[in-house]
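S.K.: Since each chain comes alone in its own frame, lean on the hints to assemble the complex.
Sequence order for the protein chains is X and E.
Residues in the first sequence are numbered consecutively from 57, following this note's numbering.
Residues in the second sequence are numbered consecutively from 369, following this note's numbering.
Hints should not be assumed to be uniformly reliable.
[To be verified] Anything over 12 Å on all C-beta distances counts as not near chain E; from chain X, calculated: (1) Leu122; (2) Gln124; (3) Val239; (4) Glu243; (5) Glu349.
[Said to hold, decoys possible] Quick list of in silico lysine-lysine cross-link-like pairs, BS3-like style, CA-CA up to 27 Å: (6) Lys249(X) with Lys237(X); (7) Lys630(E) with Lys545(E); (8) Lys185(X) with Lys130(X); (9) Lys778(E) with Lys130(X); (10) Lys249(X) with Lys852(E); (11) Lys722(E) with Lys451(X); (12) Lys731(E) with Lys778(E).
Calculated from the structure, these hints are not laboratory results.
Model, not experiment: these values are computed from the prediction.
Every residue gets a Cβ at the ideal spot worked out from N, C-alpha and C, and that includes glycine.
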Amino acid sequence: MKIAAIDLGSNSFHMIIVEVSASGTFQVIDREKEMVRLGADTLSSGRLPAAAMKRGLAALSKYKRLAQTHGVDKILAVATSAIREARNGEDFLERVGREIGFWPRVVSGEQEGRLIYLAALHSVHLEGKRALVIDLGGGSVEMALGEGSRLERVLSEKLGVLRMTERFVKSDPLSAKDEGKLVAHVEETLAGKLEKLREAGFERVVGSSGTILALASLALEEQGEKPPETLHHASVSAAALRAVRKRLVASQFRERVKMAGMDERRADIIVAGAVVFDEIARRLGVSELTLSEWSLREGILLNYIHGHPRSLARAEAYPDIRRRSVFDLAERCLYDEPHARHAAALAVQVFDATRRLHGLGDGERVLLENAALLHDIGHHISYPGHHRHTYYLIKNGDLRGFAPTEIEVIANVARYHRRGHPRRGHAGFGALPKQARRSVRVLAGILRIVDALDRSHRQVIRSVQVSERGGVLRLRCASEGNCDLELWGVPRRTQLLEEALGQSVRVETFERETQTGVARRAKA
Amino acid sequence: MPKPRKRTLTRKPAPGAPPPPPEPVRPVGVVDIGASAVRLTVADARAGEAIQILEEASRGVLLGKDVFTHGRLGAATIEAALKTLEGFRRIMDTYGVVRYRAVATSAVREAQNHETFLDRVRLRTGIDVETIDGSEENRLTYLAVRDRLRGHEAVSAADAVLVEIGGGSADISFLRKGQPIYSGTYALGSIRMRQNLASWQSSREQWVRLLRRHIHNVVGDIRREMPLREATHFIALGGDVRFAAERILGAEMPEDLAVLEKAPFLAFCEQLLADEVEGLVEDYRLTQADAETLVPALLAYRELLAETSAERVLVPDASLRAGLLLDLARGDESHEIEDFSRQVLASAQALGEKYRYDASHAKNVAQLATRLFDELGSEHGLSPRDRLLLEVAALLHDIGIYVNLRGHHKHTQYVLSVAEIFGLSRDDMAIVSNVARYHRRATPQKSHLPYMALDSDARVQVNKLAAILRVANALDADHLQKVKDLRVVVENEAWALEVEGAGDLTMERLATLARSDFLTEVFGRKLSFREAPGKP
Numbered sequence: 057m058k059i060a061a062i063d064l065g066s067n068s069f070h071m072i073i074v075e076v077s078a079s080g081t082f083q084v085i086d087r088e089k090e091m092v093r094l095g096a097d098t099l100s101s102g103r104l105p106a107a108a109m110k111r112g113l114a115a116l117s118k119y120k121r122l123a124q125t126h127g128v129d130k131i132l133a134v135a136t137s138a139i140r141e142a143r144n145g146e147d148f149l150e151r152v153g154r155e156i157g158f159w160p161r162v163v164s165g166e167q168e169g170r171l172i173y174l175a176a177l178h179s180v181h182l183e184g185k186r187a188l189v190i191d192l193g194g195g196s197v198e199m200a201l202g203e204g205s206r207l208e209r210v211l212s213e214k215l216g217v218l219r220m221t222e223r224f225v226k227s228d229p230l231s232a233k234d235e236g237k238l239v240a241h242v243e244e245t246l247a248g249k250l251e252k253l254r255e256a257g258f259e260r261v262v263g264s265s266g267t268i269l270a271l272a273s274l275a276l277e278e279q280g281e282k283p284p285e286t287l288h289h290a291s292v293s294a295a296a297l298r299a300v301r302k303r304l305v306a307s308q309f310r311e312r313v314k315m316a317g318m319d320e321r322r323a324d325i326i327v328a329g330a331v332v333f334d335e336i337a338r339r340l341g342v343s344e345l346t347l348s349e350w351s352l353r354e355g356i357l358l359n360y361i362h363g364h365p366r367s368l369a370r371a372e373a374y375p376d377i378r379r380r381s382v383f384d385l386a387e388r389c390l391y392d393e394p395h396a397r398h399a400a401a402l403a404v405q406v407f408d409a410t411r412r413l414h415g416l417g418d419g420e421r422v423l424l425e426n427a428a429l430l431h432d433i434g435h436h437i438s439y440p441g442h443h444r445h446t447y448y449l450i451k452n453g454d455l456r457g458f459a460p461t462e463i464e465v466i467a468n469v470a471r472y473h474r475r476g477h478p479r480r481g482h483a484g485f486g487a488l489p490k491q492a493r494r495s496v497r498v499l500a501g502i503l504r505i506v507d508a509l510d511r512s513h514r515q516v517i518r519s520v521q522v523s524e525r526g527g528v529l530r531l532r533c534a535s536e537g538n539c540d541l542e543l544w545g546v547p548r549r550t551q552l553l554e555e556a557l558g559q560s561v562r563v564e565t566f567e568r569e570t571q572t573g574v575a576r577r578a579k580a
Numbered sequence: 369m370p371k372p373r374k375r376t377l378t379r380k381p382a383p384g385a386p387p388p389p390p391e392p393v394r395p396v397g398v399v400d401i402g403a404s405a406v407r408l409t410v411a412d413a414r415a416g417e418a419i420q421i422l423e424e425a426s427r428g429v430l431l432g433k434d435v436f437t438h439g440r441l442g443a444a445t446i447e448a449a450l451k452t453l454e455g456f457r458r459i460m461d462t463y464g465v466v467r468y469r470a471v472a473t474s475a476v477r478e479a480q481n482h483e484t485f486l487d488r489v490r491l492r493t494g495i496d497v498e499t500i501d502g503s504e505e506n507r508l509t510y511l512a513v514r515d516r517l518r519g520h521e522a523v524s525a526a527d528a529v530l531v532e533i534g535g536g537s538a539d540i541s542f543l544r545k546g547q548p549i550y551s552g553t554y555a556l557g558s559i560r561m562r563q564n565l566a567s568w569q570s571s572r573e574q575w576v577r578l579l580r581r582h583i584h585n586v587v588g589d590i591r592r593e594m595p596l597r598e599a600t601h602f603i604a605l606g607g608d609v610r611f612a613a614e615r616i617l618g619a620e621m622p623e624d625l626a627v628l629e630k631a632p633f634l635a636f637c638e639q640l641l642a643d644e645v646e647g648l649v650e651d652y653r654l655t656q657a658d659a660e661t662l663v664p665a666l667l668a669y670r671e672l673l674a675e676t677s678a679e680r681v682l683v684p685d686a687s688l689r690a691g692l693l694l695d696l697a698r699g700d701e702s703h704e705i706e707d708f709s710r711q712v713l714a715s716a717q718a719l720g721e722k723y724r725y726d727a728s729h730a731k732n733v734a735q736l737a738t739r740l741f742d743e744l745g746s747e748h749g750l751s752p753r754d755r756l757l758l759e760v761a762a763l764l765h766d767i768g769i770y771v772n773l774r775g776h777h778k779h780t781q782y783v784l785s786v787a788e789i790f791g792l793s794r795d796d797m798a799i800v801s802n803v804a805r806y807h808r809r810a811t812p813q814k815s816h817l818p819y820m821a822l823d824s825d826a827r828v829q830v831n832k833l834a835a836i837l838r839v840a841n842a843l844d845a846d847h848l849q850k851v852k853d854l855r856v857v858v859e860n861e862a863w864a865l866e867v868e869g870a871g872d873l874t875m876e877r878l879a880t881l882a883r884s885d886f887l888t889e890v891f892g893r894k895l896s897f898r899e900a901p902g903k904p
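With the rest of the complex left out, here is chain E (with noise of 0.2 Å):
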């Protein structure tokens, strides 16, 4: 979600330090703790320019490998981490940076003592970090790789793969026509799956097979997930895939997007594999820990790609940190939101397509209640991140009859609870079971687990987001879409919900008078049903 926690820098008062020099808009860091190293970048960003790298650095710090071990974070891992981030901190001080965002991904967040750490980076180095999930990372990425690969047929009129491999997991989401429909996080990290296979003790060879079937394990759960046979593109990220494109094109590679052709790519696979890491080690310069998962890396690409339509792998230069500039260069513009508004809709309606969703009935509902949210602008105070998740809610509200009609509300709420929709984090989604929970059947109740796990604002964002969604369900209670549009008028204290629509209207009629409750008892105020005059 557009929703960073835009940060920003107090200045210790250095004694003798030069004043700041008065700049109108001074340039932005963004920081990248990962699993295998912490990074810097430092740039000129502005709504509407192109973004100027003034510096980037970076520092291996194998956070990954103590968490995925050991599931926390060691004591020189730390020490080293905090001296890493202290180094950061004087870089953005020379640049006078105010405006930061600060990140950390799956070591960190999987780490049993993160809290402690990411205390310990605030004390020492004034830096504030957040934790942020699989999907806020998908969403950062992707929009890294749409502005670098802008024009390009993978992001427009093709279908496509775009895949990082991490040290902890891999991100992988599908494009159809630039727009992201499914996501996900997936066990095929290069750090975790060397440790996981630590222990097996016998021949190299023995060992890459074993790592070989265990990618194609999880390569067939991804290939369940999404039609990954339907791309014809596939988009490469991380360190290690961009080691091999540096290796085969050398130095004509280009700087912005490397393209590699399927041939030749295979080929450096297979001569990577013959090699044991200290020759990796010796033969590529490389330290200790990049030699250690680049081959888990590569085969994991190389399987995923076999498993794509694609001839090539595109290698575009975009990461987690481009994408936090690019988040924090564009303003809070609305076409932004509408942005991505698109691409969190059609993840959910690929999810609703999975479930055999009711697409028309499921439509239909998501409009009314986006009418009925607009309608009621002046007495929801809700933002219109809210009225985007309403609308998932609403899209989605009936899946859980996939599992079974009976209570199906409350297995919509499990199933939302898991689910992974593009550019939604796990807190958004809390709020989006909810709200979809209570479509039907009870009100919140103080023994429902789920909604007593929410803190006190979101109850009350679920309150009033539900109240609408269950008037919106009850207007097209008979699945027919029979109401093609409404309008709230405020008479006497009371709403009066005029409805526009085709047909014999007694069914939703009744139907939003029963169902109007709960919205009566959120916003105090009654409603009252009626037919758009004028028309026949």
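Chain X extracted, bound-state conformation (with noise of 0.2 Å):
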């Protein structure tokens, strides 16, 4: 199963594409960057200026379109506190949804603190020590700490660098006065939490975001250690960002930009970031820093990944999208998986042995076997008009891989497979184009004599042979054990089919002699 995870930060919006196994391991095939800055003026001024949705929403559409080339199932997308804080975060959201077609969800400072801290857990070798974890974002600085799989405490501050960069970088190098305004700041803001934080006690710091990864390259650069590909568990300490943060309070723009190890689109934020951190690092009285390159987006992911392990086993199992979508549904809905997959079984030999009659194709003979497999769901809401409920959900319950008169033909046969006949007045069926209806009319006509052939749900009869003479359609049924309950059931529900068909029905069963039946008849 593929999975795109898009992080729409502040700064810049991250997606990673992903293959995940049914174990919950997974592997990245694709990784996207892009700084839009969203947060320019929006941390300030409260409101997403249009330019700045303009460019959020070329990068989604553009990251839309590379999912899609992967072929990925799922799209999991977080807003953070660009879109949080601004007062038409939710327009821009609405529309993310309606022109690219996808639902970003946004999460709180809490949430992301949540999320960064699982994707260090799992990316950073901690040793089950309490470790904390820094994330200095465009928008908002996260700081999560926990021991093992218990997350204990999380901080969210609006100390992220381009929110520091707007209100107090007026000065290029940075004034003495701008960088006290900066720090008093800081301090203020984080006044007493720090000290709680300590208190609680931490024996690794982890760092991540885009930020903390370039200070920590030009950290390493200065120390003359070339920065290794990856900066993934490599450690810094703090008193190397200490040097680089004097070094770029102490530079201009067209200096850092040429530093050893600068990414040159950072070069005006990254002077805020380096101080905002200190202060932190300084106060937390952190010696040794850990790099980690995952943060949210890995979160986001190993969160979802958490939620659905059977979702995940289910793409193992059944490549197909429709296969899959059915199975999910069924399986939602704690179906009766032996009846189910019986009456389908069931139903399409009846619809292949009949096929000069109804004249269907394929694209029928689909849709009858999964509105056989989800007949009975609708039993989960409640047993009386569960038939009813069928439909229901299956309208509404997220089948993928359907066009939506498929959807709407499948529902319906599963809707009409017991209690009253289709009726032009019944909304659904009444909506349908004529050929639709009559492929309702001749599936559901199978689908209820199948059902009532497993009446007892024990899968009494195990085959049917369909012949047809003189407008008669006779099925003869092998049976293994006694089956008076579907003998019973089935005359009661041949009218739909015999309508459809123009023919009569009947049914009857013969006792197959099985190799155990064989075996039994001997022994006795």
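M.R.: Pasting the structure below:
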């Protein structure tokens, strides 16, 4: 199963596309990053400017195309502080949903912290030690403290680098006065809070986010170490990061752009980032930082994987998205699997044997099979009227890979597996085109009979042979064991098919000589 | 719900009749119009005192046979019922009954001509009969059982199933430590099963096999809805099982509670199966009607018993009428409402679990919604019962996510409009499902059919409750339960919501302000949001 996770940050949008296995491990197939700077002006004005929205939509539509090219099954997208705080954030999300076709979820700072912690927990070897994860984003900084899988506390403060840059960085190089204001603001915002984290105690500190990785990269360069291919799991001392701060604060923009290890797109905001991080690290008494390339988007992914182990296992079992979403729905409704599968098998047997009479094709055969698999799921809601609940669940249960008319046909066929016959006055049925209405009558006619053929839900009737002569359709059913209940029920279920095909239907059973049956007889 | 329509009889002035004795408390009457009989109990019932039965009367009238076969009550049956009820009226008059409650269950409820029937009853006898639905029946029976088994393990510490096989259907509840968490009505009615299989022309042996298969199927469905296997006690009600108890225990049968060991009960069932209906009539001196339902009913009890872990069958002397009497006896004391709420909420939570709801979010929203309800007490004019409906709607507002996240408020409405919650009637559920639906997105519109199907009082009720729920849900916008408590302060014709919470409440503030429009529309007050002072 392929999943794309997108993080709509205040500074940049990230996407990763991964292939997830049923065991919950995943492999990154593609990564994408764009500095949209959605938070520029937004964080101070409280509104997303039209230009930022436009950049955001363009990036997301590119991501969507990329995800489609990879054939992803699911897009998980979350939006953070810039969108969370903007008064027109909802409008932006509404546009994303309508114009691009997926709906990002807004997460709070606390949730962000939780997801980031989850990502660090699964990517950094923490040796079960108490760990503090720091993520310095564009709009906010998140700090999450925990031990193993137990997250203890999350701190989310509006001290993101973009926000701080817009507010305090008025000079280049940063004047002592501006730096002083920035430090005072950090001090004031965090008053009393970091002490609590410190008291709670931690042995490891993990840093994620673009800003922290960029600072670390500069620090490693400065120490004369060639930064490794990947920064993940590398360590850097707080002292080295402090030296980087000093150097950045003293530098002009055009000097910074040229620094070894500097990403020029960050050269403007990194100064504030260096100051904020250093102030936090100093107050917390951090001596060494382990870097993590995994952050919010990986957290989103892990969160999904942990919440949906079954859907992953299903994805492995059914590579076909139609089958998969049908079984997904069926399992959610705790269906009686042997009965559903048996009804589906018998239904296609009857369908195939009567092709000449109904003239329907393979497309309808698939619809019948799926309707048979799902016909009883309405039980989960309530037994009385369960055929109507089935209809509702199929219509609304997120079946994928089917056209809307196909879903309507499946839902109708399943709905008419018992009780009243299809009537034009029934809303769902009446709205179908004529050809589809005929299909529903035939397919529901077949389903009604085969459902009755497994009335006891014990699969006593093993197979059906069909013959037709002189307007009489004869269903010869091979049974194993007693089938009273089936024989009793069937005659009351034949009328719809009789009307749809203009044939009368006769059902008879014969005892099948199975191997076990023979053996039993021999013993006796 | 404890909203019994308590009725009073107006005496027809009978010439020459003695004036009623000046009694401070008069006896009360309850009438139960069931599928196979019409029954009356007259008793002295006072709050806090034991109920004294003064007279009981019963007459076999096969209403169910008509309805379950033809869908309506036949003229002869109606006449028989009217005659019986006239007699009952006379008995009640003799005792000077003024307060009474007369109810009709599934047979009458399902009859196409039930309104005509009830009207004729009113005209001929002056008795006003209400049709009650399965949930009310379950609630009343539960009251009676709990009263009769007071202190017994089956209704206190253990898990139990409570089964009553009636003529039209079976009412089954699952009690966890005495609280009914699941209850439902199932197609195991003895008369109905008999009628359905009547067309099957074959040997008795085959007929029994067929019946058994059918029961087995339905029991399979029940097993998927409630954890029958976990029940260590089996409580059985109904005439058929009572008859079995009388035969098995003979003269030693205790009045209040008969206890049947599993083995003799199963043996008795086997013995009955061997006999034809005619044989039963002869051997046990049964009426034809009673003999016909005996086998289907006992088979159903037997199959259900086999699904549980119980070793014996408890047959308490408890009935719908006993429940009605208890209901009439108790006043509108607040602890009764509390007790009832507990049962309803336990059942609502079980439903939430079935749909894998986010329990912490649900409970937080329910707590905040009821707090808001209480804070606005002087402004909304709603009753404690409405508070309970709000609490249920708040607990379950998100269950539609199980169907699909997109449009989940509508799915919630669909599921709740057909779901069973112990003690809540279909009318109650119509309110609950609408309130839950309007927890997000569009507010009520003329084009919303389920909303328009409510009467105007109910629509106003839904508006007020949904407006409160929207705000309560916004207060846990993050699903992290950051808001712990709230107060409403009235300031210059507006409401200030003073919120006590932990952490960053930005999301909650924004969500609350964005979603308070409906509250403002319904109550005409603007809402502002602030964090309670004095908290770190």
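S.K.: Each of the hints needs a verdict: does it hold here or not?
M.R.: Results for each hint:
1. Leu122: holds (23 Å)
2. Gln124: holds (20 Å)
3. Val239: The claim stands: Val239(X) keeps its Cβ more than 12 Å from every Cβ of chain E (closest is about 22 Å).
4. Glu243: Holds, since 18 Å exceeds 12 Å.
5. Glu349: holds (27 Å)
6. Lys249(X) with Lys237(X): holds (19 Å)
7. Lys630(E) with Lys545(E): Measuring from Cα to Cα gives roughly 22 Å; hence the hint holds.
8. Lys185(X) with Lys130(X): violated (34 Å)
9. Lys778(E) with Lys130(X): holds (23 Å)
10. Lys249(X) with Lys852(E): holds (21 Å)
11. Lys722(E) with Lys451(X): holds (21 Å)
12. Lys731(E) with Lys778(E): holds (21 Å)
Violated hints amount to a single one, hint 8; each of the other numbered hints is respected by the structure.
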